[in-house]
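S.K.: So you can see what is in the structure, the chains are spelled out below.
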Amino acid sequence: MSAIAVRGLRKSYGELEAVRGVDFEIEQGEVFGLLGPNGAGKTTTVEILEGYRRRDAGEVSVLGHDPQSPGPDFRQRIGVVLQQSELWPNITVRETHRIFAGYYERPRDVDEVIELVGLTEKRDARIKTLSGGQKRRLDLGIALVGDPDLVFLDEPTTGFDPAARRAAWEMIRSLRLLGKTVLLTTHYLDEAEQLADRVAVMRDGAIVKIGTPRELTTADLEVEIRFRRDGEDVLVRTSEPVRVLHELTGDALARGEELERLEVRRPSLEEVYLALLEDESPK
Amino acid sequence: MRIFVHQLRAEQLVFWRSKEAALFIFLFPLLLFVLLGSVYSGKIYGVPAPQALLAGLIGYGCANTAFAGLAIQLVLRRENAILKRLRATPLPAATYVAALLASTLVVFALQTVALFVLGRIFYGTPFPAAAGSLVLAVVLGAAVFSGLGVATASLIRSGEGSSAVVNFILLPMAFLTGSFGPTRHYPAFLRAIGDVLPLKYFVDLTNAVYLHDHSLWTKPRAIGVLAAWGIAGLVVAVFRFRWEPREG
Chain A
16 MSAIAVRGLR KSYGELEAVR GVDFEIEQGE VFGLLGPNGA GKTTTVEILE
66 GYRRRDAGEV SVLGHDPQSP GPDFRQRIGV VLQQSELWPN ITVRETHRIF
116 AGYYERPRDV DEVIELVGLT EKRDARIKTL SGGQKRRLDL GIALVGDPDL
166 VFLDEPTTGF DPAARRAAWE MIRSLRLLGK TVLLTTHYLD EAEQLADRVA
216 VMRDGAIVKI GTPRELTTAD LEVEIRFRRD GEDVLVRTSE PVRVLHELTG
266 DALARGEELE RLEVRRPSLE EVYLALLEDE SPK
Chain B
2 MRIFVHQLRA EQLVFWRSKE AALFIFLFPL LLFVLLGSVY SGKIYGVPAP
52 QALLAGLIGY GCANTAFAGL AIQLVLRREN AILKRLRATP LPAATYVAAL
102 LASTLVVFAL QTVALFVLGR IFYGTPFPAA AGSLVLAVVL GAAVFSGLGV
152 ATASLIRSGE GSSAVVNFIL LPMAFLTGSF GPTRHYPAFL RAIGDVLPLK
202 YFVDLTNAVY LHDHSLWTKP RAIGVLAAWG IAGLVVAVFR FRWEPREG
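Chains as they are written, first to last, in the numbering used here: chain A, 16 to 298; chain B, 2 to 249.
If you are wondering where the hints come from, they were derived from the structure by calculation, not from laboratory data. Mixed in with the good hints there might be a few duds.
Straight-line alpha carbon distances no greater than 27 angstroms define the calculated DSSO-like cross-link-like pairs of lysine-lysine that follow [unchecked claim]:
(1) B:K20 <-> B:K220
(2) A:K137 <-> B:K20
(3) A:K150 <-> B:K220
(4) A:K150 <-> A:K137
(5) A:K143 <-> B:K44
Covered stretches of chain A, as calculated for chain B (at least 3 residues, CB under 8 angstroms) [unchecked claim]:
(6) 64 to 70
(7) 105 to 113
Quick caveat: nothing in here was measured; it's all calculated off a predicted structure. Backbone N, C-alpha and C define an ideal beta-carbon position, used for all residues, glycine too.
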């Protein structure tokens, strides 16, 4: 059974259609990335799945529950890391974990969770003394303390410096080793590529592409061939690079010319992503 | 029940660990009592002045703790998304609210005990004779002003302004309703304003119970007005309370 199944999901705020018919499924144990720019509808989608918002239309199943009217064990089994939130500044890391652990029937060992998120040295420090990155790790820790099956991470590394991002990525990878299902939203492409088994690219409230990071880069892609001729840059895009290259080089050979600065390249995931976002008509 | 006790202990930890809030909410009324007690002399309402001031400052303490303190804490927790995050946990909303109100009652009750102890030490004021009625009055006051505190929190939009808004209500109310000393020499229109405010009726109760050893039930009108304010607060809270930060 899939951990999350979404069909025809729609949500409007007044005139604004934030989510316009979204479908996807997430398998148990999968790390799934919702990728898209700000305002694409990622957070609205996730907040409907978490039970914060009611949907206008569509079918949603999260761990077998409808998050709009969940059974009593729904919140025992999910962990939520919000995009922005603060905790009590004068309470220590360990005390905060213990407070949250008390809400669950089968919490994990508090010290074990603190070690997992790398805050053991800060265990007895008050929250107001933590750095931004450490606070995000605390957020993850209290989302994990109930030993959830499914973890929602809403833009977990926004505002991080590169070192803190690497550390956060390591932690999120460790969730996979624990067998957790993870739904991650991000507007960083490299983050989705690094962490997610599958990625859905969202734009204007709809999913424009869904697949593994590899599928996103290889599907219906045109290879770019660049060279210089008569002092001018030439760019050829083709899905048949062998034939086109053969013609170009054969032609050049026949004329006894060199194809100056010849370059053959496959677009990066970044370029595919940007092309998807710029595409005139969303699917 | 286990979760309620757990959350009550968490609320107490959070309250006392925050030194600024604990200082303002818990100590400030005590400090005011000691200061005012040293200024007033003679008799007020036919009893020694410090005793009359003590009854008034129980009223101020109630409004300060249950109304102002609770409202400010709730706005900050809402705007910092602490409430939103708690909603994603199995902690039931009703248990959370119950524990928060119980924690507020604990603080106010301790404060009232401290007022009596300080009064005894500094000014020789008696402990209350009608102790049962006083306990009931404390619980009733905490309930009514907590309701008004939650209602006010629901109406305040931002964390920065909450402390200013709440004190703008609290201090004039305390002044106009006799919490800091009798109002009988005030101009009539100020007394008329004081007469509609809930704190006036709570101070009526503490005066009757502590100064004149009357039972709580000798003041049905005051109890009725307080209950009406409490219900009004509850209605606003039920319709306007939000768990999530107000965006934009």
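S.K.: Evaluate each hint against the coordinates.
M.R.: Hints, one by one, checked against the model:
1. B:K20 <-> B:K220: Answer violated: K20 (chain B) to K220 (chain B) is near 38 angstroms, above 27 angstroms.
2. A:K137 <-> B:K20: holds, 21 angstroms
3. A:K150 <-> B:K220: Measuring from Cα to Cα gives roughly 52 angstroms; hence the hint is violated.
4. A:K150 <-> A:K137: holds, 11 angstroms
5. A:K143 <-> B:K44: This hinted pair is violated, its Cα atoms lying about 49 angstroms apart.
6. 64 to 70: holds (count 3)
7. 105 to 113: The restraint on the region 105 to 113 of chain A holds, since 3 of its residues have a Cβ under 8 angstroms from chain B and three suffice.
Of the numbered hints listed earlier, those contradicted by the structure are 1, 3 and 5.
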